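Student: These protein sequences, in sequence, are chains A and B. The first sequence begins at 0 in numbering that gives the first Met the number 0 and counts up one residue at a time. The second sequence begins at 0 in numbering that gives the first Met the number 0 and counts up one residue at a time.
Any given hint could be a false lead.
Copies of one chain are not kept apart here, so a pair can be met inside one copy or by any two copies together.
[Said to hold, decoys possible] Subject to a maximum C-alpha distance of 25 Å in a straight line, what follows is the list of computed BS3-like cross-link-like pairs (lysine-lysine):
1) K149 x K271
2) K268 x K154
3) K96 x K154
4) K309 x K32
5) K155 x K311
6) K155 x K268
7) K306 x K330
Read the hints as simulated data drawn from the structure, not as lab findings. Keep in mind that this is a model prediction, so the values were computed, not measured.
2 protein chains.
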Amino acid sequence: MSSSPIPEAREVKPAEEGMEALRMDEEGKDDDKVTPWSVSAGSATGVDYDKLIAKFGCRKMTQELIDRIVKMTGKPAHPMLRRGMIFAHRDIEVMLKRKEEGKPFFLYTGRGASSGSLHLGHLVPFILTKYLQDAFDMTDDEKYLWKDLKVDEAKKMAKENIKDIISVGFDPEKTFIFTNFDYMCPPFYENVVKVWKCVTTNQSRAIFGFTNEDSMGKSAFPAIESAPCFSSSFPHIFGKRIDIPCLVPCAIDQDPYFRMTRDVAPRLKYPKPSLIFSTFLPALQGAQTKMNASEPLSCIFINDTPKQIKNKINREAFSGGQPTVEEHRQKGGNCDVDISFQFLKFFLDDDDQLEQIRQDYTSGKMLTGELKQLAIAEVQRVIGEVAERRKQVTDATVEEFTKIRPLAYKY
Amino acid sequence: MSSSPIPEAREVKPAEEGMEALRMDEEGKDDDKVTPWSVSAGSATGVDYDKLIAKFGCRKMTQELIDRIVKMTGKPAHPMLRRGMIFAHRDIEVMLKRKEEGKPFFLYTGRGASSGSLHLGHLVPFILTKYLQDAFDMTDDEKYLWKDLKVDEAKKMAKENIKDIISVGFDPEKTFIFTNFDYMCPPFYENVVKVWKCVTTNQSRAIFGFTNEDSMGKSAFPAIESAPCFSSSFPHIFGKRIDIPCLVPCAIDQDPYFRMTRDVAPRLKYPKPSLIFSTFLPALQGAQTKMNASEPLSCIFINDTPKQIKNKINREAFSGGQPTVEEHRQKGGNCDVDISFQFLKFFLDDDDQLEQIRQDYTSGKMLTGELKQLAIAEVQRVIGEVAERRKQVTDATVEEFTKIRPLAYKY
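Chain A with its partners taken away, still in its complex shape:
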């Protein structure tokens, strides 16, 4: 990962789009492995996102597109957009054009329910979605299918996760939060069945790498993640028979679902969803993998106290600094592998300050302890804001967001 605003992609021919184009787990081709279920990078600087763009056949987020977004929204670009963490897209231009023409689109993002609190990495697509504003999803059924869970446990987890998500600051007038278990209804199911019919088991295996030992549910699930991309799944939200296209902000590992969806959409006479992809928030131990709730020490959780945040970053955050102060002053630190610096890159708003920190740490002027102090303060601020809102979120708030009702939007 470079700290330059928008790193230039190397010249790599992008893969063709479409279901047949590639399989997720092309092991052996490179050391990065990115699937919806696990992420591991071959290098301490994390996943090579330029390679991933080429491999997945998506497009690089260019400065020109960012400028267009800034101009259109009249607001500064989100730090993640300015700094290359929103690094790729599929057909974002289609949505920008619609916006310029005063035509509607909707946002759809989601996550699999996880036990306990969400962590900082889970927040990234929601922070991005909030920045863009929204209608979104949570897959309690997915976690039930993939994990050793009871349905009630999955539902309970989903409810707690919804509270965390609401705490990112979504507008209840414009946001419909649903879980697959609770929302499943004829219009949604009809789109699930339509997607099912378009994709063969062969194609689904090639895209997702399912095996014969996997449950029937796993191979059925991709259509359930796919169907909410089609506005006719939500007649009570959008009105019947209106095909409003969808923009999906998500981490790049979810691309297989939407590659499949984009392949299927024209055959169902639905608009293709557009996508914008974020990079992964690295685990505390290093960018070889992302934060993973099942390894609690790799994560900062929304319900971590300021003290826990401080201790976790001080003890666990992988450092790009040198073993001794003398050596650090002499050789300088490596921001590209330093997790504290990565956190600042994700969350610190001030570009000038970030650049100053980068220079000072790289030159050795700033010590690892000092850098960690800054990261601790910034992460405490982000989590603190969410935690503050979280206190206000009750079951009634969840009801407000999950109630089936028309959203406040005009077009």
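Using the hints, position chain B against chain A.
Tutor: Quick look at chain B alone, frame taken from chain A:
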């Protein structure tokens, strides 16, 4: 097929129950091929049902069980039950015992939507269900997944089929008719997902013979046929959290779905469904296969006129008679392969009359033309009764049967 009331099964060791026990399409073992999608028999007398009992691992319907049903219901056994067309079951005793103890069970049967009118063979499980009384299902989604159909076409076909089914004479107070497309809701979906999780792709392939070229929907579908066996799929019908067991009357080709369901039920802490199986109503051309709507000449449809019924039986119904009158008088006819006789066996209520016909045709006293006359009259009567009721069935009647509401039952 023999015309003796209940043919004795040969001594064949039944297959073990359970998903791993066998695959549907064990070709090469014998000449009969019976799957949910096609039926073909190696012999003119049709499928060897005793072999099928052994192969599928179900149990023979015994005279003792029939006597128990008669005693319990205080009504004469249905002709199909008396004559071995309801030839097998799984755990029917469990339901009889419940009935004796005043405990409830519900009936679930269904069919895939088919274009145009239903045919006589389609009616068999519904006639049987009506005899038993009910709550049942229609799989518009299945036909959409298996055939080259649009969703709206499948739904429209389903609606017309529902009208045909209602015309069998069901009681709207005790019957809930649903289509998967229209009924799909959280409690139903929750059971679908639970079944999905219990069955691996390997098992599903072994049971149903799916290949990699089949759509994702086909491999997802078995759980959707399975879930209505669990009363918690219908909280508004049965009340929440009440596990009422289910008895499924169906043709034997549907057994794979319910073998899977019975295997899964204990793991979900649900009662296993019991089953009673009917034989196939033979095609006009002979008992090597069953009536098949996509070969209209093989079928008698509910909307066939008396004249069409007459012409079809006269022209198409395979005869067990001899080529010339002289030869027939001398050698006699073969009731076991004669389709007119099979129709009488399915529908003629009078056992003495049926036995007289059998003797007269076998001895050569009765000619093929005379036998066909009798079959025509009987089929005209059965279809006529349904057609008469069909005239009264409107969209409002469909609404009455498909409305989600508690059924009138006491326990």
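Student: Taking the hints in turn, state whether each one holds.
Tutor: Hint by hint, here is what the structure shows:
Proximity of K149 and K271 under a CA criterion of 25 Å is satisfied inter-copy only: 20 Å between copies versus 34 Å inside one chain copy. Proximity of K268 to K154 under the C-alpha cut-off of 25 Å is restricted to the inter-copy arrangement: shortest distance 19 Å between copies versus 33 Å within a copy. Neither within a single protomer nor between protomers do K96 and K154 lie at most 25 Å apart by alpha-carbon distance, with minima of 38 Å and 37 Å respectively. For the homomeric pair K309 and K32, neither the shortest alpha-carbon distance inside one copy (31 Å) nor that between copies (69 Å) is at most 25 Å.
For a Cα distance limit of 25 Å, the shortest separation of K155 from K311 qualifies neither inside one copy, at 27 Å, nor across copies, at 60 Å. Taking the shortest alpha-carbon separations for K155 and K268, only the inter-copy value of 20 Å comes in at or below 25 Å, while the best intra-copy value is 36 Å. For a Cα distance limit of 25 Å, the shortest separation of K306 from K330 qualifies neither inside one copy, at 31 Å, nor across copies, at 100 Å.
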